[in-house]
Amino acid sequence: MIKNNDKISENQLSILLFTTMLGAGVLSLPADVAKAAGPNGLIVILLGGLVALIFARVISFVASKFPTETFVEYSEKIMTKPVSVLLTVFLIVYFLIFCSLNLRIFGEVAKSYLLNSTPIEVIMITLLFATAYIVRYGIEPIARMSEILFPVMVIPTIIIFLPAITDIDLSNFLPILRISPLRFAKGILQTTYSFVGFEILYVIFPYIQLGNKLKKSINVSFFSIIFFYLYITFFTIGIFGYKETSVQLWPLLTVIKSINFPGFFIENLESLIMGIWTFAVFTSISVFHYAATLSLSKLIKAREHSYFVIPLVPVIYFMALIPESIVEVYRYASYATYLTLFFVIILPLLMSAIVKLRHGGEKQ
Amino acid sequence: MFLLGLFNKLFKNKNNGNGESKDVESPKVKEDIEENIKYIKDMLKDSDDIIYREFWVGEEFQHKLELVFVDGLVDKGIINEHVMHSLMLDSRQAKPSIDEIKKNIYEVIKKAAITGGDIKEIDDLDKCITSILSGDTALFLDGHPKVVIISSKGWQMRSVAPPETEMVVRGAREGFTETLRVNTALVRRWIRDPKFKIKQMQIGKRSKTDIALLYIDDIVNKDLLSLIQERLKQIDIDCILESGYIEQLIEEDWHSPFPQMLNTERPDKVAASVLEGRIAILIDNSPFALIIPTTLATLFQSPEDYFERWMISSLLRILRFTAAIIALVGPSIYIAFTSYHPGMIPTKLALYIASTRQGVPFPAFMEALIMEATFELLREAGIRLPVPIGQTIGIVGGLIIGQAAVMAGIVSPLMVIVVAVTAVSSFSIPSYSAAIAFRLLRFAFMILAAVLGLYGIMLGFILMLTHLVVLKSFGLPYLSPFVEINLSDLADTIIRAPLMVFKKKTTYT
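Residue numbers (the working numbering), protein chains in the order written: chain A, 5 to 368; chain B, 226 to 734.
No lab work stands behind these hints: they were computed from the structure.
It is possible that some hints are incorrect.
[Stated by the list, open to error] Here are some of the chain A residues that sit facing chain B, going by a computed Cβ distance under 8 Å:
1) Thr130
2) Ala134
3) Ile138
4) Arg148
5) Met278
6) Thr282
7) Phe286
Cβ atoms here follow ideal geometry from the backbone N, Cα and C, with glycine treated the same way.
Please model the complete structure; the sequences and the hints are all you need to start from.
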């Protein structure tokens with residue numbers, strides 16, 4: 005009998021990371037990389053993903069030193085209490101920002117593609133409450149949900165693009181690497197945004213049944229998401245060319261609109277993609293919502309995380325409504341990248357350095 | 226939440242208090258036969274179907290014996306031939322000397338005089354009454370503080386017939402009946418394993434219904450077994466009328482529309498489940514067995530899947546899962562596409578739908594609701610009516626009302642097709658309990674589609690899946706093996722892999 009122990013297996017972690025990283029960003033990803041690196045978008049994604057993987061491993065290295073504690077507790081041990089509290093607050097805000105960004109982008113896309121006359125507020129609040137419903141039950145149902153939705157998201161997406169394979173113009177990916185190194189590096193940093201979500205490793209370690217496959221499962225999730233992004237971007241840029249891709253807001257939807265699936269009932273496949281993408285956004289939002297709730301409950305030292313699920317709903321909702329327009333949403337998103345820079349690169353390096361030094365000191 | 230917990234606690238304590246104070250000592254069998262019979266007659270006063278037969282045996286008829294049984298529940302043949310005949314006539318030829326008989330008639334009767342197959346002795350009068358009322362015969366002996374209970378159950382019962390709700394083309398035709406003993410025998414015939422256990426207990430303060438737990442000792446999960454026994458013992462109810470009572474009283478989540486136990490009329494299904502390490506509960510007076518634990522995937526399995534070739538079975542499985550999705554969202558997809566996203570269906574079809582809907586005065590949601598409600602009504606009426614009229618209702622409802630509704634311009638012809646396909650789909654789910662769950666949720670999906678279009682349907686799926694991932698059937702995730710994935714378990718879910726793949730079936734799939 006499988007007990008309700010509120011822990012997820014390492015395989016589940018792998019899928020959970022995948023579905024968390026696959027969020028609202030995927031719609032604009034081809035445009036982002038086309039803007040940043042032109043025809044070299046694929047290389048940027050690959051390198052950006054590898055950079056993200058390295059730092060995910062750094063975070064998991066630090067966190068695995070304290071396998072029974074969340075960031076809230078072990079950051080206090082590594083740094084001091086005031087610093088820890090400050091960082092935790094920032095971390096919560098960070099999770100909330102990405103939660104609300106995903107939510108807002110979802111609302112915008114759903115409004116413009118599916119429900120033209122429905123107020124965006126209705127779309128957002130309904131999804132948010134659906135999220136709250138699952139978050140209340142903790143990490144285990146979220147991980148199971150990811151497992152169920154993973155094939156639903158990945159398999160149709162991969163099949164949908166196949167008929168378009170003849171439309172790809174490989175010259176769209178040329179010239180290779182004729183780009184200034186600075187712009188290239190900037191592009192890599194920007195794509196890291198598409199991998200946002202693995203920061204949950206800061207807080208979910210106590211909820212993983214740790215075995216010896218942790219590193220492998222993190223690697224697997226990153227390689228599969230890199231492959232998935234490469235696949236999508238390859239088709240989008242390959243069909244449209246980088247110039248056309250970069251001027252579009254959501255090139256993924258546009259490219260799917262152009263694909264004609266032979267002998268298929270639904271004419272416009274973007275409805276299918278919208279459905280799949282609803283699932284993708286839902287899993288991301290629920291994980292961010294969960295991570296924020298969990299950190300908050302640990303910060304206040306509450307017994308149950310579920311007390312804070314509903315109170316955070318209005319917070320996320322109003323944060324999502326702050327930007328005036330979709331352009332502003334993406335401007336805010338690019339600001340959030342600085343926070344990403346801190347939480348993904350600077351903080352893990354800092355903490356792992358401290359941990360290493362201290363451990364070295366203990367050994368002597 | 227906290228307050229609720231507190232209330233629960235208080236409530237539970239109160240319950241415990243009640244339970245403890247209720248223990249009353251039940252009287253023992255006395256030496257004097259008249260006293261015993263008086264007690265029984267007192268307890269069973271005004272029950273005219275109880276028969277008391279007193280008779281005397283021995284050389285000079287010095288030993289008084291009395292038989293007590295319920296007329297109609299016992300096999301008179303057993304009593305006449307194997308009890309009365311043996312005691313009154315055959316025993317005269319028995320070897321023991323008269324002295325010996327005088328000393329210990331009880332031992333003699335027990336050891337040599339009764340030729341009935343199954344006897345036991347008890348010294349508790351209340352237990353004795355329960356036995357009498359369940360069809361056994363009690364034999365009282367003067368001067369001995371024990372009662373001999375002779376198993377003599379035999380009443381008018383339905384014979385074993387094909388299971389009506391779970392027909393198969395290929396496979397055994399036997400279905401359970403209303404008699405527990407017949408049902409356990411039906412399962413026993415499939416499994417001749419000494420480790421196969423049939424454990425009985427009684428539930429119901431007044432009905433004292435026999436229920437049997439069936440499992441295989443070395444496969445079953447012991448925690449699960451004790452959990453089920455624990456929950457069964459906690460049942461506090463007067464009467465168990467059907468397996469549905471047990472199901473609802475021991476299930477994990479009563480909020481859920483989904484069945485957390487599989488019910489089946491088929492002994493082969495029970496045998497197969499027991500061999501997989503599950504536990505089956507058989508209930509007297511019910512032809513339905515409960516199987517625990519159950520997952521969503523098992524609700525889509527039919528015994529036939531394993532009897533036909535694997536490719537065909539896999540195809541049928543896929544068909545059933547597709548049917549479930551159609552049964553769930555068929556009308557709501559129609560609502561979403563016609564009222565929110567006409568641009569997503571092929572232009573020609575969209576134009577056609579628009580033209581057929583031109584005269585329809587209702588929005589798509591009302592149209593769908595009217596048709597679905599009519600259909601549910603017809604289905605309900607069809608069940609209540611006798612079989613020949615039921616079929617007529619089907620034809621009248623399906624053909625004439627549908628046709629008339631279209632001609633009257635109340636609904637569009639496409640809507641009739643959608644409703645018909647949805648109905649057929651919901652019938653192809655092997656488990657009736659699962660099918661009605663999908664029927665119920667269909668209306669929720671229709672409302673969501675009417676309010677939020679395709680996004681509403683997606684939202685509905687998210688909410689339903691959330692419920693399903695949280696739901697557990699006795700500790701087993703309801704969606705396993707799709708969650709906590711183990712690739713080898715997936716061989717018997719949406720597809721049914723060749724039989725060679727399952728070497729030893731011990732996982733719940």
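Quick rundown of the hints versus the structure:
{"no.": "1", "hint": "Thr130", "verdict": "holds, 6 Å"}
{"no.": "2", "hint": "Ala134", "verdict": "holds, 5 Å"}
{"no.": "3", "hint": "Ile138", "verdict": "holds, 4 Å"}
{"no.": "4", "hint": "Arg148", "verdict": "holds, 4 Å"}
{"no.": "5", "hint": "Met278", "verdict": "holds, 7 Å"}
{"no.": "6", "hint": "Thr282", "verdict": "holds, 4 Å"}
{"no.": "7", "hint": "Phe286", "verdict": "holds, 5 Å"}
Violation of the numbered hints given earlier is absent; every hint is satisfied by the structure.
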